[in-house]
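*Asks:* The primary structure of each chain is shown beneath.
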Amino acid sequence: MAVESTKVYEEQIERFSAFDRVLHWVTALAFLYCMLSGIGIAYPKFHWLLTFLGGGEFARWLHPWAGVVFSIGAVLMIIKWARDMVLTGEDILFLARIKAYISGRHEELPEAGKFNGGQKLYAWIVFISAIVFFLTGIVMWFPENFGIGLVRWSVVIHEIAFIIAGAFTIIHIYMGTVGVPGSIWGMIGGKVSATWAKFHHPRWYREVKGE
Amino acid sequence: MSTLTTGGTVGLGVRRLSATKEPDTSIKSYPELAILVDISACIGCKACEAACQQWHDLTPPIMTPEEVVQRKIAGYQSHPDLRPDLFMLMKFNEVETSKGFAWLITKYQCMHCREPGCLIACPAPGAVIQYQNGVVDFDHSKCIGCKMCLVGCPFDVPRYDANNKPWKCNFCIDRVEAGLEPACVKTCPTQCLTFGLKEDMVEKGKKIVESLKKRGYENATLYDPPGVNGTGYIYVLPHGDHVKDYNLPESPRVDASIGLWKGPFKTIGSIALWGALIGAFLQLILWGPIKVLGGKEEKREEG
Numbered sequence: 003m004a005v006e007s008t009k010v011y012e013e014q015i016e017r018f019s020a021f022d023r024v025l026h027w028v029t030a031l032a033f034l035y036c037m038l039s040g041i042g043i044a045y046p047k048f049h050w051l052l053t054f055l056g057g058g059e060f061a062r063w064l065h066p067w068a069g070v071v072f073s074i075g076a077v078l079m080i081i082k083w084a085r086d087m088v089l090t091g092e093d094i095l096f097l098a099r100i101k102a103y104i105s106g107r108h109e110e111l112p113e114a115g116k117f118n119g120g121q122k123l124y125a126w127i128v129f130i131s132a133i134v135f136f137l138t139g140i141v142m143w144f145p146e147n148f149g150i151g152l153v154r155w156s157v158v159i160h161e162i163a164f165i166i167a168g169a170f171t172i173i174h175i176y177m178g179t180v181g182v183p184g185s186i187w188g189m190i191g192g193k194v195s196a197t198w199a200k201f202h203h204p205r206w207y208r209e210v211k212g213e
Numbered sequence: 021m022s023t024l025t026t027g028g029t030v031g032l033g034v035r036r037l038s039a040t041k042e043p044d045t046s047i048k049s050y051p052e053l054a055i056l057v058d059i060s061a062c063i064g065c066k067a068c069e070a071a072c073q074q075w076h077d078l079t080p081p082i083m084t085p086e087e088v089v090q091r092k093i094a095g096y097q098s099h100p101d102l103r104p105d106l107f108m109l110m111k112f113n114e115v116e117t118s119k120g121f122a123w124l125i126t127k128y129q130c131m132h133c134r135e136p137g138c139l140i141a142c143p144a145p146g147a148v149i150q151y152q153n154g155v156v157d158f159d160h161s162k163c164i165g166c167k168m169c170l171v172g173c174p175f176d177v178p179r180y181d182a183n184n185k186p187w188k189c190n191f192c193i194d195r196v197e198a199g200l201e202p203a204c205v206k207t208c209p210t211q212c213l214t215f216g217l218k219e220d221m222v223e224k225g226k227k228i229v230e231s232l233k234k235r236g237y238e239n240a241t242l243y244d245p246p247g248v249n250g251t252g253y254i255y256v257l258p259h260g261d262h263v264k265d266y267n268l269p270e271s272p273r274v275d276a277s278i279g280l281w282k283g284p285f286k287t288i289g290s291i292a293l294w295g296a297l298i299g300a301f302l303q304l305i306l307w308g309p310i311k312v313l314g315g316k317e318e319k320r321e322e323g
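If you're matching them up, the sequences are chains V and B in order.
The first sequence begins at 3 in the numbering used here and counts up by one.
The second sequence begins at 21 in the numbering used here and counts up by one.
Bound-form chain V, shown alone (with noise of 0.2 Å):
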């Protein structure tokens, strides 16, 4: 007699449909090519960058193109997901245990939704960043427009911005990419495993699951 055997493929949840991954695509190019040609121009030390992001002059012709393309991302962003990203009790709860988390131990943590708390923190830091970089941005794109004071001033705040904004999302590519194992598939593909779901999220997968 021979053995039926049927294979049973685990199950995946859709995380972010098409739109949001397009968005989140358009938006983390643009920003990179940003911060990418921002260190290359306000750095003297990393001037070679602009060599590989097309030269000097045309990665700083291309800088507040592309800035523009990621500050009209970053509004979509806030339209779609600012109401998710509220932060609640028990995402501050997750920020205050933030060592449980990254050095593993999970059992300490409060139940993540869609989103935990680290997540939340790091969407407003782009929401809040994508604002102040393109007023400040616009300032310093036409100088000449502008009182000499407040193009100065925009200076500084728009490398306050960077520091934060830049510091928070080489975390953010870390988490996606090698810290958290799985979590790229969201944003690839839109799908990620009941498993992963499950362990990371739990209130979310319940939610998707109607329990």
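Careful, some of the hints might be misleading.
[Unchecked claim] Incomplete in silico selection of chain V near chain B, CB under 7 Å:
1. Leu-55
2. Gly-56
3. Arg-62
4. Gly-149
5. Trp-155
6. Val-157
7. Glu-161
8. Ile-165
9. Thr-197
No wet-lab data here; the hints were simulated from the structure.
Backbone N, C-alpha and C fix where the C-beta goes; we use that ideal spot for every residue, glycine too.
Keeping the supplied structure of chain V fixed, place chain B upon it in accordance with the hints.
*Replies:* Here is chain B on its own, set in the frame of chain V:
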């Protein structure tokens, strides 16, 4: 540094370059140069303006009488402001002073600050050069067009052209290098302009100020603003209590905001971004990725 090529071994010698470490200047040294502008001797003929345009091959558009009236520049000035194709401009102003009505004239162009805000703010290595003789010049081949020189300038001088490159007075560096005086000095018919070593110009300026004071201009001063460590153009102002009316800033200095984002914030930014990178790596090797923890669910009967 590879950017430290301007001048080479036969050139002018470089004192400082934008976005580059302070070079060793012990091999080649040259004393500072300056142009003394004795406004008490100026008749407002604008020959210097014409000579400047001629030497630099500039052809700024000539304003129509209607435009002149419209811009309320009273017909004295050739243009309302500096332009990318206008490196220097005679500015005129009419004011009431303690001596009664006065006609104030200023030769307005890059001041060649010894502490140049444009050079300090410029992020492109080598795009702004300060030569040993104190002259500040732009290298368009290294300029990326970010307009930070404009942000850093305390005198509102650099003007950008359609190629997104800044222009300003370069002290006729090509003439100076060949041992000639700048074009404006060469043409001045009243010896209002004198070119020479900075210390000689300061000395001469002080003497003129003293004689002006004796003649009743008790407010006469020598304008050589210490906030930017002195300038390459220094002015004898007969009405020294009216610096602003001469269209000159009273105490120009490189704005504090420039030092802030060029200094402390660069350090903080480096620490923050390298810190994030190193922090992520440490998380990886100390605790490892945050993996889904396996295992079976233990069901316990409750209460």
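*Asks:* Each of the hints needs a verdict: does it hold here or not?
*Replies:* Hint check results:
no.	hint	result
1	Leu-55	violated (11 Å)
2	Gly-56	violated (11 Å)
3	Arg-62	holds (4 Å)
4	Gly-149	violated (11 Å)
5	Trp-155	holds (6 Å)
6	Val-157	holds (6 Å)
7	Glu-161	holds (5 Å)
8	Ile-165	holds (5 Å)
9	Thr-197	holds (6 Å)
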